[in-house]
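> In case you want the letters, here they are:
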Amino acid sequence: MSFNSRIKTALANPKLALALDGNYNRWRERRTASFAALPQSDDVRDRARAIRIEALTHLDRYLIQFESNVKANGGVVHWAKDAEEANRIVAEIIFSKDPSGFQNPKGLLIAKSKSMLSEEIHLNRHLTDLRVLKELGGLSGAKVKVVETDLGEWIVQLRGETPSHLTAPAIHLRREDVAELFEKHLGLPRTDDVPTLINAARDALRQTFVNADVGISGVNFGVAETGTLCLITNEGNGRLVTTIPKVHIALMGIERVVPTMRDLEIMIRVLARSATGQKITTYTNLITGARRPDDPDGPDELHIVLVDNGRSRVLASDLAESLLCIRCGACVSVCPVYRQIGGHAYNATYMGPIGSILMPALNGVNEFGELAHASTLCGECRDVCPVRIDIPKMLLRVRHAQVEQTGGTRWIAWAMKIWSQVARSPRLYHLVLKISSFLAQPLARGGWIQKLPPPLNGWTQSRDFPVVAKETFSEWLAKRDS
Amino acid sequence: MREEVLSNIKRSLASEQHLPTLPRAVALQPIEGRDVDSLIAQFEDEWKKLGGVFVRASDGVGWTLNFLRERNVKRVIAWDEKVLPVKGLHDALKREGIEIIDQVIATEDRVARVKNVAGAEVGITAVEAASADVGALVLKHGAGRGRLASVIAPIHIAFIKRDQFYPSLESCWARFDPSLSNTVVIAGPSRTSDIERVLVVGAHGPKVVIAVCLE
Numbered sequence: 001m002s003f004n005s006r007i008k009t010a011l012a013n014p015k016l017a018l019a020l021d022g023n024y025n026r027w028r029e030r031r032t033a034s035f036a037a038l039p040q041s042d043d044v045r046d047r048a049r050a051i052r053i054e055a056l057t058h059l060d061r062y063l064i065q066f067e068s069n070v071k072a073n074g075g076v077v078h079w080a081k082d083a084e085e086a087n088r089i090v091a092e093i094i095f096s097k098d099p100s101g102f103q104n105p106k107g108l109l110i111a112k113s114k115s116m117l118s119e120e121i122h123l124n125r126h127l128t129d130l131r132v133l134k135e136l137g138g139l140s141g142a143k144v145k146v147v148e149t150d151l152g153e154w155i156v157q158l159r160g161e162t163p164s165h166l167t168a169p170a171i172h173l174r175r176e177d178v179a180e181l182f183e184k185h186l187g188l189p190r191t192d193d194v195p196t197l198i199n200a201a202r203d204a205l206r207q208t209f210v211n212a213d214v215g216i217s218g219v220n221f222g223v224a225e226t227g228t229l230c231l232i233t234n235e236g237n238g239r240l241v242t243t244i245p246k247v248h249i250a251l252m253g254i255e256r257v258v259p260t261m262r263d264l265e266i267m268i269r270v271l272a273r274s275a276t277g278q279k280i281t282t283y284t285n286l287i288t289g290a291r292r293p294d295d296p297d298g299p300d301e302l303h304i305v306l307v308d309n310g311r312s313r314v315l316a317s318d319l320a321e322s323l324l325c326i327r328c329g330a331c332v333s334v335c336p337v338y339r340q341i342g343g344h345a346y347n348a349t350y351m352g353p354i355g356s357i358l359m360p361a362l363n364g365v366n367e368f369g370e371l372a373h374a375s376t377l378c379g380e381c382r383d384v385c386p387v388r389i390d391i392p393k394m395l396l397r398v399r400h401a402q403v404e405q406t407g408g409t410r411w412i413a414w415a416m417k418i419w420s421q422v423a424r425s426p427r428l429y430h431l432v433l434k435i436s437s438f439l440a441q442p443l444a445r446g447g448w449i450q451k452l453p454p455p456l457n458g459w460t461q462s463r464d465f466p467v468v469a470k471e472t473f474s475e476w477l478a479k480r481d482s
Numbered sequence: 483m484r485e486e487v488l489s490n491i492k493r494s495l496a497s498e499q500h501l502p503t504l505p506r507a508v509a510l511q512p513i514e515g516r517d518v519d520s521l522i523a524q525f526e527d528e529w530k531k532l533g534g535v536f537v538r539a540s541d542g543v544g545w546t547l548n549f550l551r552e553r554n555v556k557r558v559i560a561w562d563e564k565v566l567p568v569k570g571l572h573d574a575l576k577r578e579g580i581e582i583i584d585q586v587i588a589t590e591d592r593v594a595r596v597k598n599v600a601g602a603e604v605g606i607t608a609v610e611a612a613s614a615d616v617g618a619l620v621l622k623h624g625a626g627r628g629r630l631a632s633v634i635a636p637i638h639i640a641f642i643k644r645d646q647f648y649p650s651l652e653s654c655w656a657r658f659d660p661s662l663s664n665t666v667v668i669a670g671p672s673r674t675s676d677i678e679r680v681l682v683v684g685a686h687g688p689k690v691v692i693a694v695c696l697e
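Each protein sequence line maps, in turn, to chains A and B. Quick note: the first sequence uses our numbering, first residue 1, plus one each step. Quick note: the second sequence uses our numbering, first residue 483, plus one each step.
Take the hints with a grain of salt, since some may be wrong.
[What the hints assert, rightly or not] Per label pair, the in silico range of CB-to-CB distance:
1) B:ARG657 x A:GLU161: 40 to 46 Å
2) B:LYS576 x A:ARG206: 24 to 30 Å
3) B:LYS576 x A:THR196: 36 to 42 Å
4) B:GLU552 x A:GLN40: 42 to 48 Å
Bear in mind the hints are in silico, worked out from the structure with no lab data behind them. Each residue gets a CB set at the ideal place from its N, CA and C atoms; glycine is no exception.
Just chain A, same shape as in the assembly (with noise of 0.2 Å):
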């Protein structure tokens, strides 16, 4: 499906707009209270910008210096280049092991907290790929479940569907579709209220945490300083994957690392502001290597797996600003065009504005260049953005990157070509105006024209067009000065 016939599936849904209208509204109320109770908000912000760009501009060095600090500390480092490399490593890791040493040696259980990441280079088809293990050879026969444990994952996983926004993956959702997914798989009766919906998860997915092999998270940031790894939830599944299971695995993409913990406790200011409008998340976890030997609780193996998948390569193009992104998904949450057609219509990973520059930038615009078109460039992305990423600007870039590589619709670019000319000529422009106004006076209503003809209907399928005047500007001066 064409990413206009994706568009139009969704404008066609009129629930779609409303859950994404009260998710903007109460969004927006949060966000703005949370940025007024934090004093010097705008200069907060600037560090956190100045955090973001310098970690970059050294990138290599910090990366080193975090690797050798998770090593000291007992955690393994692992470096992927692309997503198959990643998804090798993490089922290397899982799947080599003695599988007596897992408590569900013929159902290995993974327990999974939020990851982006994850989603980027589809980690949990890969581990499910029964040609995976065969390869690997390690668990012969057995079967692996990968149970995502963040309530709003789980509720997408269930439905077979990707997160729809950055931070709240189920926000195309209303209560009415958990319930009624919830009564498919818990059995649980229907009911419009949402702590009952939440109580049957937690008790659910209180299962999965208890039986887990394996944990795998994503990381928030990862300090250079120390080797230690941020992970943010509010529901506390991260805390829970990363200390029950005897193996935690995190996958970390090599831009999000900060330089020290102090940049660490200014990012955070800002995180949870952007992304859900609290002060602070619940909890904001802090791992820095393995379990020690005589902590009571905590994985036994830390596994870090840094994923560059084109990242390293964006930091040398036009784009290189994109890697500032902390995915708070205040972007996403604001977006006028992302609050009509929600998340899926972007088919894509990462959504909404700062989606639309990820995307192409990480895969090539030839495949999702036309992501950027999809925008009307208010800039209130870039207004909200915790690091002050210039969107709109990106967005241009992308646009322009895909015209120059695809070369453009054909007709546009020809369209182009003449109206340079005309507006070039006032002879030819006034006699263009003139043929424009009586063609365009049969079908216009009341001063609009309410349907143009191919090719330009595109334009009035959800506006109208206003007519060419009769009279010129020139003609109307000429007119009142005589």
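Got chain A sorted already, so can you dock chain B onto it with the hints?
Same frame as chain A, now just chain B:
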């Protein structure tokens, strides 16, 4: 592969730079420390806004026993006696007939132990620091101080001493120790707003977190 990723990064950094220039640097004023009583009052205010419960107790053991009796609690998970600021709690609990579940799960029979721990009705811990500006507790984990006590049970009781209140998270940060495997900042009970952004308190972690200020 490590070398490949690193050399790609180096090559990109050596090429024409597209990273933005640094924004103007403005000094951030640290939040000034005030007297303990106003810090505690501010913490209480912020903590309650997050849905947390705040109590003051001169007798930590007595308060806890009372609380557990009222709710007929039979099983708790608690940090070791020597790392709690209330002395004699473990003995008092035992005398009351309340089981203190062993918080150690890092053993051969890990899952059995986890299942046991998951039956805890209340978790009891100390804190390292409390941040007044955001209403958050900092917990350092290590020997005798397990991570699960503050996340596995539906109720979490955290004891705070008067000298552990700090004006801001930034000022608590000095208490961070990278030689420990885990530190957590806890701001109220666990929550989710994943369904229609409706805030619901009590997700995978505790529904109730009680900050007990020891006077």
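> Look at each hint and say if it fits the structure.
How the hints compare with the structure:
1. B:ARG657 x A:GLU161: 40 to 46 Å: About 42 Å separates the Cβ atoms of B:ARG657 and A:GLU161, which means 40 to 46 Å holds.
2. B:LYS576 x A:ARG206: 24 to 30 Å: holds, 27 Å
3. B:LYS576 x A:THR196: 36 to 42 Å: At 37 Å between Cβs, range holds.
4. B:GLU552 x A:GLN40: 42 to 48 Å: At roughly 45 Å between Cβ atoms, A:GLN40 and B:GLU552 fall inside 42 to 48 Å, so the hint holds.
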